[in-house]
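Number of protein chains: 2
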Amino acid sequence: MNTGTIVFDGIEYPDGNASDPNALGLMQGSPPPLAKRIRFEDDRYLDFPQIRWSLSHMRELVPTAAVWRGNGGASEFGVTTRDSEARIDALTFDDLQGQRHTWAAALAHTYTDGIIVLHRGARVYERYFGALQPQRPHACFSITKSYAATLAATLIHERILDEGKAVAHYLPEMAATAYQDATLRHLLDMQVGVDYGEDYADPQAHIWDYARAGGLRARRPDYAGPGNYYEYLLTLRKAGDHGTAFEYKTVNTEVLCWIMKRVTGISLAEMLSERIWSRIGCEEDGYLAVDSIGVAMGGGGLNSSLRDLCRFGELMRCEGTWRGKQVIPAEVVADIRRGSDPMKFAKAGYTLLSGYSYRNMWWVSHNQLGVFEGRGIHGQRLYIAPRAEIVIARFCSHPIATSAANDPVTLPAFEALCHLLRSG
Amino acid sequence: MNTGTIVFDGIEYPDGNASDPNALGLMQGSPPPLAKRIRFEDDRYLDFPQIRWSLSHMRELVPTAAVWRGNGGASEFGVTTRDSEARIDALTFDDLQGQRHTWAAALAHTYTDGIIVLHRGARVYERYFGALQPQRPHACFSITKSYAATLAATLIHERILDEGKAVAHYLPEMAATAYQDATLRHLLDMQVGVDYGEDYADPQAHIWDYARAGGLRARRPDYAGPGNYYEYLLTLRKAGDHGTAFEYKTVNTEVLCWIMKRVTGISLAEMLSERIWSRIGCEEDGYLAVDSIGVAMGGGGLNSSLRDLCRFGELMRCEGTWRGKQVIPAEVVADIRRGSDPMKFAKAGYTLLSGYSYRNMWWVSHNQLGVFEGRGIHGQRLYIAPRAEIVIARFCSHPIATSAANDPVTLPAFEALCHLLRSG
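Residue numbers (the numbering used here), protein chains in the order written: chain A, 1 to 424; chain B, 1 to 424.
If you are wondering where the hints come from, they were derived from the structure by calculation, not from laboratory data.
Hints may be right or wrong, so weigh each one.
[Claimed, not checked] Taking CB as the label site, the calculated pair distances span: (1) A/H419 / B/D42: 50 to 60 Å; (2) A/E231 / B/H366: 49 to 59 Å; (3) B/D9 / A/D162: 50 to 60 Å; (4) B/H169 / A/D43: 19 to 29 Å; (5) A/A168 / B/A35: 19 to 29 Å; (6) B/P33 / A/T321: 24 to 34 Å.
Please read these numbers as outputs of a predicted model, since none were measured by experiment.
Beta carbons: idealized from backbone N, C-alpha and C, even for Gly.
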């Protein structure tokens with residue numbers, strides 16, 4: 001196995017092969033040696049290289065609620081062949097810095113834990129590395145948002161929710177917050193003016209207060225902050241206007257999920273089970289990280305097996321139908337694919353995502369392949385290219401949170417794969 | 001639905017129907033009202049009535065590791081009929097205080113969350129109450145020990161472990177503890193002289209220190225005690241001799257599990273999956289509560305669906321075979337059924353369990369029906385009556401931990417059922 005390094009922001013990191021968590025002995029032994037232990041209370045489980053183990057073992061670190069797969073049995077999508085996998089492994093492409101990679105070598109470069117490619121609904125590639133196994137759920141991070149907002153858009157389609165209504169209509173206790181006059185549509189497209197920052201590289205960013213409130217980061221013994229997600233959301237104040245610009249803020253998803261729960265009485269875990277997992281033949285239970293009062297982190301707490309993530313991508317590629325049954329309304333999927341206003345998106349300054357928009361918590365490329373994506377920190381990706389009839393589900397444990405750290409390789413790799421498979 | 005009360009130690013409690021957690025609204029609402037919240041940090045999740053919700057939601061309170069069911073699909077054991085269920089519901093029996101009950105009414109009296117009866121391998125009765133559902137794992141508490149020790153006895157049978165060797169042979173760091181010269185056989189039959197108490201009604205009992213070390217009870221901000229199970233076990237000192245009397249101490253199981261992990265390198269969760277769950281067609285993943293370094297609580301941390309618990313009972317009834325395949329060695333099961341020395345058991349003073357012994361962490365009745373049992377606090381029971389060809393799996397959330405609180409009803413109820421079904 002070749003090992004190497006990557007460099008980001010001037011810092012050199014051992015690559016995916018060189019930081020394999022099994023080879024490093026992370027959490028091995030009885031007990032694991034002190035230097036190999038990953039404990040929630042040390043608050044370093046998302047640091048590198050610990051993250052290479054942690055993202056496949058989230059339930060061993062925090063409380064979780066099951067997303068039941070139902071009792072219908074797993075759906076099939078064929079088995080890969082050596083020929084098809086070898087052909088993909090040998091694919092070469094240039095990254096956005098002009099460096100040439102093979103597909104196979106790029107997997108270690110992006111700290112890939114697992115990746116599946118479906119072409120016309122058939123599995124043509126599947127790989128697992130490090131701590132991940134086919135049956136083991138992995139952190140989806142913000143791909144959770146795409147699941148949650150697809151459900152919210154479905155509830156709007158069913159007239160259970162009204163996208164024009166303000167948050168305070170559903171949650172009167174939020175009237176004193178930034179969300180008082182933000183509509184569900186503002187939430188869904190992340191166009192809310194709220195004083196909240198999400199720079200993962202900044203230890204003082206609001207995202208960490210939010211995670212600490214929800215029990216995803218350790219608390220000091222003298223912690224006196226919000227005790228759960230809802231308490232944290234009640235502290236958020238307005239900054240700027242709603243509806244003018246795309247501003248990516250995880251708390252918007254949390255408010256959306258709170259509304260879904262308030263109106264339906266159904267938890268996110270149950271809704272994902274009833275409306276997605278059990279309808280598309282998921283083969284493993286998923287799970288959601290929950291806070292101290294049992295509320296799931298709708299903005300990033302989902303863990304799914306790679307195959308089940310891939311099934312969701314295939315459902316979305318097929319306009320919400322699964323083996324002839326409409327599971328998500330076709331209009332909901334079409335609305336996502338149409339995207340929102342790229343001009344509002346451009347204000348956020350994602351230089352690698354030129355021409356994109358953000359709709360119902362999906363990233364919409366507006367490119368020739370019709371690509372739309374679920375994206376999560378540290379390299380999580382659900383990539384759907386309808387015009388190439390391709391779905392790629394990928395889990396990573398990249399040292400750097402922001403997608404900008406892997407997009408220079410990921411974007412051209414996935415596009416090159418689409419062209420390879422389209423060419424037959 | 002009839003509601004009533006039970007009295008134990010002079011205190012009156014609302015019965016199972018009157019304390020239904022759904023009717024009480026426990027953990028309902030978004031957020032649940034303060035009085036209806038069950039938070040781990042409040043350290044009251046095992047109090048009554050909170051326990052009526054908690055035992056079906058353990059993973060939402062503490063970190064857990066999955067016991068994977070494998071990918072073989074669920075095994076069948078038939079469906080119940082209304083006739084068979086009505087006949088059982090109408091069964092009457094006298095409890096040990098001479099009070100008459102119907103089977104159906106006794107379910108609320110024992111705070112039953114779920115119960116399944118198999119007769120000759122076919123399901124003849126199945127009921128769920130309160131927070132439990134067929135797919136939802138429930139706390140097994142000390143039935144965990146019967147699983148773990150059946151695996152340990154299997155490893156002894158395979159000569160991977162030696163029951164005559166002392167603990168310190170496998171765990172040199174335990175040489176300074178009570179376990180230095182205790183053998184695996186002493187552990188398996190709970191005949192270890194160790195200064196450790198397990199009176200659940202005493203808030204100062206060692207069991208709570210042990211639970212706190214393992215992360216199953218909340219810690220005060222100034223907590224400076226052991227940080228995990230192994231650290232706690234290293235503190236245990238000798239009291240009395242080994243091998244002379246049965247003394248029920250959960251820490252013995254924990255030491256046994258530590259040895260299994262040290263010798264095999266396989267975690268308890270993986271071993272349960274490989275050697276039991278995946279071999280008998282379990283339909284749901286189970287899970288184990290884990291401590292801060294990922295070590296499962298082998299003495300009581302298992303959660304299983306009721307049906308999967310029942311499958312394990314049926315496996316043991318059938319001498320370790322499952323649909324023609326030997327899963328657990330027949331000699332291991334025969335050894336359990338032969339029991340150990342009832343004279344040593346009698347010294348422990350279990351007045352309701354006259355004539356019993358304890359072997360490989362199973363409770364062996366030595367009665368006419370050949371009954372042997374897995375038993376867990378708050379009413380958990382796996383009851384196997386080979387000569388009646390009956391298995392009963394039952395989950396409860398009884399207000400009182402000790403089995404002595406429900407045995408006066410449970411023992412005659414189960415025996416009456418055996419006689420009813422045997423009579424055809």
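Cross-check of the supplied hints:
1. A/H419 / B/D42: 50 to 60 Å: holds (57 Å)
2. A/E231 / B/H366: 49 to 59 Å: At roughly 56 Å between Cβ atoms, B/H366 and A/E231 fall inside 49 to 59 Å, so the hint holds.
3. B/D9 / A/D162: 50 to 60 Å: Since the Cβ atoms of B/D9 and A/D162 sit about 55 Å apart, the hinted range of 50 to 60 Å holds.
4. B/H169 / A/D43: 19 to 29 Å: violated (38 Å)
5. A/A168 / B/A35: 19 to 29 Å: This hint holds: roughly 26 Å between Cβ atoms.
6. B/P33 / A/T321: 24 to 34 Å: Given a distance of about 41 Å, which is not inside 24 to 34 Å, the answer is violated.
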